[in-house]
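S.K.: Next come the chains, spelled out residue by residue.
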Amino acid sequence: DVKVTQSSRYLVKRTGEKVFLECVQDMDHENMFWYRQDPGLGLRLIYFSYDVKMKEKGDIPEGYSVSREKKERFSLILESASTNQTSMYLCASSLKEFGGASRTEAFFGQGTRLTVV
Amino acid sequence: AQTVTQSQPEMSVQEAETVTLSCTYDTSESDYYLFWYKQPPSRQMILVIRQEAYKQQNATENRFSVNFQKAAKSFSLKISDSQLGDAAMYFCAYRSANYGGATNKLIFGTGTLLAVQP
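Top line first, the protein sequences correspond to chains U and H.
Just so we're aligned: the first sequence equals residues 1 to 117 in my numbering.
Just so we're aligned: the second sequence equals residues 1001 to 1118 in my numbering.
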């Protein structure tokens, strides 16, 4: 069974702290993504990576950075957490090639609800 | 840039009835994929159904079917014989069929919260 695992379901951090959100997938996927989910705004892409050490900014990268040192792991870093980063964070992965419709699906982790106080 | 719009923030349906969720999108590409994802209270996003833009036939998965109108850039989801377990947030999403890099990302709508009344 395919799996994307996020390290925490709930996290509470203080303003100014450096925060690490970890995501691991076991499907040998090239692509990995970090989304932020807020009510009324849907899912917005923060960063994504299409290979080890490769990354590209998404729609809302400000205040975030990422790291992908191994293919299976993609980390989201909040350099100095702020209250406006309180949100649900979703990690996803997908295959890079298009070998048919069955290979285009993205798989998601269970989400991390981060509260910054 | 591509955009996805879901104009119904909330919908409600009676158990065993049929409901249709709307989605429109904007793109200049001719080849792409469209998806409906379900997010129940457990927060785990689950793929409900996918549609390849080059296929004219509407996708169907058991009680779930889509009405794909490429010219109108419309992609609605029909849920037949609604069940209590269908209650969830539903997201429409777009992905380019072009190879590589930034085109691999999923672009999501804002979601429709579906309530199922017993």
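Calculated from the structure, these hints are not laboratory results.
Among the hints, a few may not be true.
[What the hints assert, rightly or not] Keeping only pairs whose Cα atoms sit at most 20 Å apart, straight-line, the calculated EDC-like set for lysine to aspartate or glutamate is:
{"no.": "1", "chain 1": "H", "residue 1": "LYS1078", "chain 2": "H", "residue 2": "GLU1061"}
{"no.": "2", "chain 1": "U", "residue 1": "LYS96", "chain 2": "H", "residue 2": "GLU1061"}
{"no.": "3", "chain 1": "U", "residue 1": "LYS96", "chain 2": "H", "residue 2": "GLU1029"}
{"no.": "4", "chain 1": "U", "residue 1": "LYS71", "chain 2": "U", "residue 2": "GLU22"}
{"no.": "5", "chain 1": "U", "residue 1": "LYS96", "chain 2": "H", "residue 2": "ASP1031"}
{"no.": "6", "chain 1": "U", "residue 1": "LYS55", "chain 2": "U", "residue 2": "ASP38"}
{"no.": "7", "chain 1": "U", "residue 1": "LYS55", "chain 2": "U", "residue 2": "GLU17"}
{"no.": "8", "chain 1": "U", "residue 1": "LYS53", "chain 2": "U", "residue 2": "GLU17"}
{"no.": "9", "chain 1": "H", "residue 1": "LYS1055", "chain 2": "U", "residue 2": "GLU56"}
{"no.": "10", "chain 1": "U", "residue 1": "LYS71", "chain 2": "U", "residue 2": "ASP26"}
{"no.": "11", "chain 1": "U", "residue 1": "LYS55", "chain 2": "U", "residue 2": "GLU72"}
{"no.": "12", "chain 1": "U", "residue 1": "LYS71", "chain 2": "U", "residue 2": "GLU56"}
S.K.: For each hint, tell me whether it holds in the structure or not.
M.R.: Here is what the structure says about each hint:
1. LYS1078(H) <-> GLU1061(H): Given that 20 Å is the threshold and the Cα spacing comes to 10 Å, the pair holds.
2. LYS96(U) <-> GLU1061(H): 25 Å, violated
3. LYS96(U) <-> GLU1029(H): Holds, at roughly 19 Å.
4. LYS71(U) <-> GLU22(U): Holds, because 13 Å separates the two Cα atoms, which is no more than 20 Å.
5. LYS96(U) <-> ASP1031(H): Measuring from Cα to Cα gives roughly 16 Å; hence the hint holds.
6. LYS55(U) <-> ASP38(U): 23 Å, violated
7. LYS55(U) <-> GLU17(U): Violated, because 23 Å separates the two Cα atoms, which is more than 20 Å.
8. LYS53(U) <-> GLU17(U): 25 Å, violated
9. LYS1055(H) <-> GLU56(U): The given pair, whose Cα atoms are some 31 Å apart, is violated under the 20 Å limit.
10. LYS71(U) <-> ASP26(U): Measuring from Cα to Cα gives roughly 9 Å; hence the hint holds.
11. LYS55(U) <-> GLU72(U): Holds - the C-alpha atoms of GLU72(U) and LYS55(U) are around 14 Å apart, at most 20 Å.
12. LYS71(U) <-> GLU56(U): With a Cα-Cα distance of about 15 Å, the restraint between LYS71(U) and GLU56(U) holds, given a limit of 20 Å.
Violation of the numbered hints given earlier is confined to hints 2, 6, 7, 8, 9; the remaining hints are satisfied by the structure.
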